[in-house]
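Visitor: One letter stands for each residue in the lines below.
There are 2 protein chains.
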Amino acid sequence: MISNDPATVAAPLTEYIAAAQHTLILTHVNPDGDAVGAALAVWHVLGILGKQRTAMLMPPIPVYAAWLPGADQIVLYQSGMALPPADLAILVDTAHLTRIGPMYDEHAAMLATLPVVVIDHHVTNDGGASLNLVDPDAASTCDLLYRLFRAMGVPIDRTIATCLLLGLTTDTQSFQTNATHPESLRVAAALLESGADHARIIRAVYYGLPASSAALMGHALAGLRYEDGVVWTTVDKRMFAATGAEEEAADEVIRVLQRIGEARVMALFKERSDGTTKISLRARAPLNVAAIAQRWGGGGHAQAAGANLSMTPAEAAMVVVPLLKELAASNAL
Amino acid sequence: MISNDPATVAAPLTEYIAAAQHTLILTHVNPDGDAVGAALAVWHVLGILGKQRTAMLMPPIPVYAAWLPGADQIVLYQSGMALPPADLAILVDTAHLTRIGPMYDEHAAMLATLPVVVIDHHVTNDGGASLNLVDPDAASTCDLLYRLFRAMGVPIDRTIATCLLLGLTTDTQSFQTNATHPESLRVAAALLESGADHARIIRAVYYGLPASSAALMGHALAGLRYEDGVVWTTVDKRMFAATGAEEEAADEVIRVLQRIGEARVMALFKERSDGTTKISLRARAPLNVAAIAQRWGGGGHAQAAGANLSMTPAEAAMVVVPLLKELAASNAL
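Protein chains in written order, with the UniProt record's numbering: chain L, 1 to 333; chain U, 1 to 333.
To spell it out: a stretch of chain U is covered by chain L in this simulated footprint if at least three of its residues, at any positions, have a beta carbon under 8 angstroms from a beta carbon of chain L; those stretches are:
(1) 186-192
(2) 211-217
Per label pair, the in silico range of CB-to-CB distance:
(3) U/137 to L/112: 48 to 58 angstroms
(4) L/177 to U/225: 34 to 44 angstroms
(5) U/63 to L/5: 42 to 52 angstroms
(6) L/244 to U/247: 29 to 39 angstroms
(7) U/304 to L/177: 24 to 34 angstroms
Residues from chain L shown here face chain U by an in silico Cβ test under 10 angstroms; the list is partial:
(8) 173
(9) 176
(10) 183
(11) 185
(12) 188
(13) 204
(14) 210
(15) 221
(16) 252
What the hints contain is simulated information worked out from the structure, not anything from laboratory work. Backbone N, C-alpha and C fix where the C-beta goes; we use that ideal spot for every residue, glycine too.
For reference, chain L alone in the conformation it holds in the complex (with noise of 0.2 angstroms):
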C-alpha cells in the first residue's frame, strides 16, 4: 500500500507494530538530521507502545544531531555486524531499500522476509516497501512523521517533539527553502508547544562551527574568484593542515560561496591527499551543473553536482571554469 496520507496509514501501522515482537528502525548512509531525529523519535515512540526495538544506522551521526534523547541507544551499524532478530523493519527517510547501503547489501535476503514500512517525504521514493508513506510535498520526514503520529493517537512529548523538530530545522535549513510550505511551519509551532527544545536545536546546528574551520573559510575565501557569473575559489591540503580543519569544513566554504548574490555559478576545487582535485558544483536555477560533472564522470543534481579530476586544483579550473562562464553565460533563463 502507498499513501500520502498519514490518517490513512495510521491503522495499518498501529497493525504492523502490534503484531511485531522486535522492530528494526532504519535509515539512509550518511544520515542528516532528518533522518537521525526520524529514527529517534520512532523508537521513542515504540518504547511508549511497550515495543521491543532497535535502531541501527550507519555511522557517522552528525555532531549536531548526536546529543539528541536517545543517540546513545542507537547501534551503530558496522560492515559484518548481524541484525538483531527482528520481524519489522521501519524506514525512515529512505526513498529506495537499497539506499541503507551496507545494512542491506549484506542483509537483503533477511531484510526480504520482513514486512518493511517505508515513512519518507522524497519525490523519488518508488513506494516499493510493504506499507508506504511517502508525501513528496512534506518539508522533511519528520514533519510528516509528527502527522502521522497525531493520526495514531500517540502523544507527542518534549523528547519526540525535539527529534521531530531538530529534523524539519535542518532540512529546510531553518524554514528557507522551496518546501516550506504553510504546514511545515504549523508543525514547528505545534512542535514547540510540546516542549521541543528550540534553543539546543539552533545552538547545536548553527553555532557549533569549529574555529579551525572557520580559518579555513578565511583561507579558501581571500582567494576567491569572480569572473562573468562565475564565483569559485580553491581549498588545499596546506589550509587543512594550516588550520587544522576537518574536510567537513570545505562544505561551509561552499555555501558562503552560494550566497554570492552576483554569482549564477558557483565551484570549489578541493586538493585531495593524492593531488587529484574534487570539484563542487552549484547554481542558480534553472542552470544545471550536473551536465558538467558528467563530463567528469561525477553527477548529482542540476543545481548541485561534483566530480574527481586527475589534475591539480589549478589545471581544474583552467579546464572547468571557461565551462562554467558558458553556462552561466547561456540564456537558460
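Starting from the known structure of chain L, fit chain U onto it as the hints suggest.
Guide: Just chain U, lined up with the frame of chain L:
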C-alpha cells in the same frame, strides 16, 4: 492607552485612522527589515482604506528590503526637510519617540501636536504615545501588525503579506532566535497562505552577499585567533582596499565568529579610516561584554557591545584580549 492585545487596540486605531486626513508613517533610524516591512505594511493598509499617507524613513534602507512593494514610494528623510502636513503619526518598531532621530529632533514641536500611535515589540518601549500597542512577546513588529490587521478586519493581500514576512523573517533570523514562539510560526504560515513571496525574501536576505564581502570575510577569518575561550580577528583598511568590500562586510565576519562553538567571547578589531579601531564584542549568555566596552567609552547590550579605541587594531587587541580571556574564564554561568 497601552495594550499588548491587538483586539483591544483595533477599534480606537480604526477611529484614529478614519478621523485623519493625512497620516505620517515613521520608524527608527537605521531601519532594519522589521522596521521597513512594518512601515510599508501600514502604508499599504492605509492605501486599501483609501487614506492619504506618507511613509518617511531615515536612509539608508537595507538592500535586502529595498525591493519590497511600495519601497519606491518611501520618502527618504534628510536633515532640514519639512514633514508633510499630517494629522496623525503611526510609529512602528519604535521604542521611544526620540528613536526616529533627526525627524524627531527637528520636528518635535510639530509631532507634539499630532495624535501618535505606536506599534512595537521592544521590551524597553515606554508606551508614551496616544495609543500604544506594545507586545514584548511578539517576535517582530510585523507579526504583531498581522494580528492587529486581522483584528481590524483588514484583508491581507500578497503585497502586505510579503512586507510582513520579511520583517518577521529578519527579526527572528529565520526563526532561530529565542523570541520565536508558536504564534510567530503560525503567523508565518498564514502569511505564506496569503501569498507572501517567501522565495524572494529568502533570496534577498540570505543570498545577496556581495562577492567582495565574501573575499573580505576570507582575509579577516584567515587571521583568526582562538585562545582560552576567546576568538578574535582583525579587519584592516588594506583588506577593504584589496577586496573593494563595503563597511557592512565586517558584520558578516562577526556573524561567523558568533557561530564558533568553542568560543564564549568573540571580538572583531576593525581599523577605521583614521587609523583608530572599532571593537565589536559578542558573548554567549550569561557573559557580559558591555562592561568591557564601557571602559573605553562604548556601550551596547550584555551579549553585543562595542567601542572605539584611539589605537591601532594590534594595540587594541593587546589591551582588550586579556580582559576578554579573563571574562571567558569567569564562572559567570
